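Novice: Could you build all of it, start to finish, from the sequences and the hints given here?
Chains A and B supply the protein sequences, listed in that same order.
Each residue of the first sequence is one higher than the last, beginning at 1 in this note's numbering.
Each residue of the second sequence is one higher than the last, beginning at 1 in this note's numbering.
Keep in mind that the hints were calculated from the coordinates and are not lab data.
One thing to keep in mind: the hints can contain errors.
As the list claims (entries may be wrong) - Below, computed lysine-lysine pairings styled on DSSO-like, alpha-carbon distance capped at 27 Å:
hint : chain 1 : residue 1 : chain 2 : residue 2
1    : A       : 2         : B       : 201
2    : B       : 44        : B       : 194
3    : A       : 128       : A       : 44
4    : B       : 63        : B       : 44
5    : B       : 63        : A       : 194
6    : B       : 44        : B       : 2
7    : B       : 112       : B       : 128
8    : A       : 112       : B       : 112
9    : B       : 112       : B       : 138
10   : A       : 138       : A       : 44
11   : A       : 65        : A       : 44
12   : A       : 201       : B       : 2
This structure is a prediction, so every number in the text was calculated from the model and none was measured.
There are 2 protein chains.
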Amino acid sequence: MKVDVAFVPEAFRTDDGVGRTVVIVDVLRASTTIITALAHGAEKVVPVATTTQAGEEAARYPKAKMLLCGERGSVRIPGFDLGNSPNDYGEETVRSKTLVYTSTNGSQMIVKSAGAATLLVAGFVNGKAVVERLRDGKHDCLIACSGTNGGFSLEDAVCAGFFVDGLVDAPHGQSLELGDGAKAARVLYDCFSKDLLTMAKEAVQGRILVSLGMEADIPLCVSVDSTDVVPVLSDGALIRSG
Amino acid sequence: MKVDVAFVPEAFRTDDGVGRTVVIVDVLRASTTIITALAHGAEKVVPVATTTQAGEEAARYPKAKMLLCGERGSVRIPGFDLGNSPNDYGEETVRSKTLVYTSTNGSQMIVKSAGAATLLVAGFVNGKAVVERLRDGKHDCLIACSGTNGGFSLEDAVCAGFFVDGLVDAPHGQSLELGDGAKAARVLYDCFSKDLLTMAKEAVQGRILVSLGMEADIPLCVSVDSTDVVPVLSDGALIRSG
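Specialist: This is how it looks when you write it as structure tokens:
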């Protein structure tokens, strides 16, 4: 099995996912928020690219069963029910609801990767469960980092390395074929794994969140293996797999 | 001073260079070849994006004073005088010549970055000289990796980390503002610096060169500080700075 990492969205082309398992990573915060929502009982999360599409998609669901969710510039979109803080996606809020979701980086990557053989959403919070699922997979694997505003983001790269490390350390992991990006990500994980919180707070996106008063989201986003829920794309919506 | 690294060409937008010093890295092999050519007395290297443009540009120079140089798919372009092996750019071949040069990755990045405040071409071979020049610079610095066929390449990222490391280790280096890419590149350099040759041979582009029988180029491309020539872009051509 080949394993590679695409560090920035522009390096990931729509057809890169064809025939592969694509793992979308946006630690701060789209991945974490989507995983948290499904772990807390949301029925599904429908990722869309634009706020206009979000409105159109939302109109397809009964209002009592739907939440309109997302951010631009890390801040809740005016008129939306929820922003992008995983802390807002508690069970009492999201249980049995359909969440229509758009974010600056993560939801764009999911929409762009919809042609993948299998599309998973991953973060530190479901890391072990993601690795177990990838181990059992039949396809080559591309871990696609969402980045920050089109650029490289350290926390996504380190998280990608977490998955590579988990795969290599598994039985037969030494026979995996690692691309340059996968090798690099693993080195980054090895360097930063001892203090993920400081790494994330000092990364570009972490500093943006701190400056916006959203620092409380960061510990949750680096809370390793806090759930075994792995969102998987099915018929245009992310649902719990397992 | 801010220092950052763009790991893949697609993450580098043409206007990213405006007001900054842009350092173009393509270890295997465009950077190394261009530096070697100027170190061996070539008058200038004119980078162009396409083979057609190479032909048009070449027509502007007396034939005896010009060499048409470059590769596609790592192999010399049919009808061109030289390919992209730095070993072919000896003093007896290139002295006092104008080299019209096109390559798959590196020359594209140079052309794309022509709007930079200052554009330098850098590799392991002129590393110390590049760092010294950057230290004295007034502009923020963006190290732009050329990558391999649009994707991340390990040897370019490690080389970018070499420059970041040199800048941070200099007097007042601790006051530099490192972007996420710069932090990551420094970690990669720290990990791979002890055996650059193995790193480069086992990277994707290194393996391509080995498969094409060009393995002999690789040691030359990781020969740290073998020259103090730093190519700088001036009026559309790369010349020796000093």
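Novice: Need the list of violated hint numbers for this structure, in ascending order.
Specialist: 2, 5, 6
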